[in-house]
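Protein chains: 2
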Amino acid sequence: MPRLVMKFGGTSVATVDRIRNVARHVKREIDAGYDVAVVVSAMSGKTNELVGWVRDASSLYDAKEYDVVVASGEQVTSGLLALALQEMGVKARSWQGWQIPIMTSEGHGSARIAAIDGTGILQGFTQNKEVAVVSGFQGIHQPTQRITTLGRGGSDTSAVALAAAIQAERCDIYTDVDGVYTTDPRIVPKARRLDKVSYEEMLEMASLGAKVLQVRSVELAMMHRVPTYVRSSFDDPAEPKLGTLICDEEDIMEQQVVTGIAYSRDEAQITLRNVADKPGIAASIFVPLAEANINVDMIIQVVSDDTTTTDLTFTVPTADYDRACAVLNEHKAEIQFKDLQGATDVVKVSAIGVGMRSHAGVAAKAFKALADKGINIRAITTSEIKFSVLIDSAYTELAVRTLHSLYGLDQA
Amino acid sequence: MPRLVMKFGGTSVATVDRIRNVARHVKREIDAGYDVAVVVSAMSGKTNELVGWVRDASSLYDAKEYDVVVASGEQVTSGLLALALQEMGVKARSWQGWQIPIMTSEGHGSARIAAIDGTGILQGFTQNKEVAVVSGFQGIHQPTQRITTLGRGGSDTSAVALAAAIQAERCDIYTDVDGVYTTDPRIVPKARRLDKVSYEEMLEMASLGAKVLQVRSVELAMMHRVPTYVRSSFDDPAEPKLGTLICDEEDIMEQQVVTGIAYSRDEAQITLRNVADKPGIAASIFVPLAEANINVDMIIQVVSDDTTTTDLTFTVPTADYDRACAVLNEHKAEIQFKDLQGATDVVKVSAIGVGMRSHAGVAAKAFKALADKGINIRAITTSEIKFSVLIDSAYTELAVRTLHSLYGLDQA
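In order, the protein sequence lines correspond to chains H and G.
Each residue of the first sequence is one higher than the last, beginning at 1 in the UniProt record's numbering.
Each residue of the second sequence is one higher than the last, beginning at 1 in the UniProt record's numbering.
Note that these hints are calculated values from the structure, not bench results.
Note that CB positions come from ideal geometry on N, CA and C, so glycine has one too.
Be a bit skeptical, because a hint or two may be false.
[As the list claims (entries may be wrong)] Derived Cβ-Cβ restraints for the label pairs, each shown as a range:
1) G:Ala292 x H:Lys91: 25 to 33 Å
2) H:Lys91 x G:Arg225: 42 to 50 Å
3) G:Lys91 x H:Lys91: 43 to 51 Å
Let's have the full structure, built from the sequences with the hints guiding it.
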């Protein structure tokens, strides 16, 4: 029988009533002839409660014990969903990460899945005709036999990795939205749901700020070519509506030049004024930042007004901004900059589309349109299938709407 | 170094603040030179919440999934206590039942501990100098690799079994009372805390209604001769007060004839009137009840008024009363009784003391004292170190107080 992985997030399992609704979705797919593995998150709010207790108990924050406490949330949901399925006459059993096992690295709190042994789950399908209800977000580091977690949103990753391990036909990610949109509908009411989007585009969109899926889960889907369907868990289980299929580029018939517009407020700008313009200067700045584990994103270099020095602008994640400034000030003597100027009220707006590969001048069109609206571009980065501009955050909505219209993404 | 097991129940770990207080108790014993394993229950109220969800999710009640959901409560506490200890500079790690492992029978929901492998915990003591924080109440059925629970109050049992497995010098049970009393202080304000009580007496007291310890844990303590100390977790950790040591009879210097008075409202009386007085009649009544898994406790048989039949009175647990009546009525034809009369407003009052072995007439004294107060005795059972009387529940307090004074247990 074909296999299906279905994943339900925290809001979809927030109460026992909603868990029953999830069970109805599962039963529909069972009735349609699938062997089903369901991956569940903790009941919405539970993880925050558990994390709050951990923080209260210890400022030292041993990630091993953090994982023990937090992984309990998914354990509860998996048992309850198995029970709700049984109540509907569907055979089901729960699986914790250590039981399957889902083997991970030792990186407690943000472990990476190394391998999944699907044998037990597949035996459950063939021998017992039972649904596997799998606790998402968690695994085991086998050498130490300790519980690990994958970090926030890790249940998406659990689901896609499991789909690859049991060679599922598809991985359905049920969420509180009905798919992937051309951009954030809260900003652009004319945003459209995409029927299909390629792995590559989805990866860029997730990396550049679209919150519907975790970056890591899209990477895994792309690597293992797991067709991944984003859809709503709040639909009537008897009449499910359409969502967005993340799939191979070749499986998408009509391809737009630009598929979506993303934005991220999680960027802070740092400008170093009057840096000595000599070889090796970039290394003296970016090596210490890399050693401090700070990701530098956009970089722009312009000649200063005095022509013997240069001004260097780059962005870092907002969360690392204070730390980045401290690192740079520590190394001021080597770098020899005159002044450090920072800005956290900036936003990165990006346009993504595999069509950019074959169309020239796509970005240039955007620069002109933004300039026409009086929006100043602080920095630019481009790659094969996307470009990003850094602008003042006050212009976020205007910029996103402008680009959304510019590339013909507005709903008819 | 000598080893100590400390056990804290749900009210002692109800909040992160209280968990910190528990950590202080543990640190005191570490500073005193012990290697410590701590067994914890779920935060008070959590187990009820989880059980409520299970009941809501399914009326079918798969005990395997019940165990998955409910065992999560102890997992949370174990992680939080490990963190709180670390915060105080005490090395600690959590252990779930499946990690140790605590191997149990397959009786999900009320599994019995078969064996405990203490190797990992002992290695933690010697190699890492770390406290083992153990989730109580849970274990693993190894052939299926499924999580099991020991049933309500099972954490006491976990603690005593662990103490036996790691050959601890003592098992300290921290609870919301400061020890074992001569009787329930809510009924008899003159009740006294016992400094010591023998395993045998404690087993009878727990079986006969004293709620301070689970029967199974006392059985284990007696079987493995684990000195078990019942004490308060709400004392100032810096100045702990005395509790009650459950130990060998030989270690108790001054032995009273009667050590304690217990009572249990968990009894229901059934009287079958005019049963044919012929051989095999007892079997026709008690075999069907045994097959329905109903424990019959006190049995009394008297000749009926018509002299050719007999009246048979016995007690069953209140929870099984309705079921027992149904079983008996089903078998009415074989048993040939005329009438079934039941009473649930009865109570069993018991006096316990190893001194009864060497003193005659202890029970007789009680029958007279109760009769003098106008209390009618419905049934009597006696054994080597205790006797019990079944009376109308309206007389509970009067009977307990009367016996407590009669045997010289009142506080000076």
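Quiz item: Can you name, in rising order, the numbers of the hints this structure does not satisfy?
Solution: none
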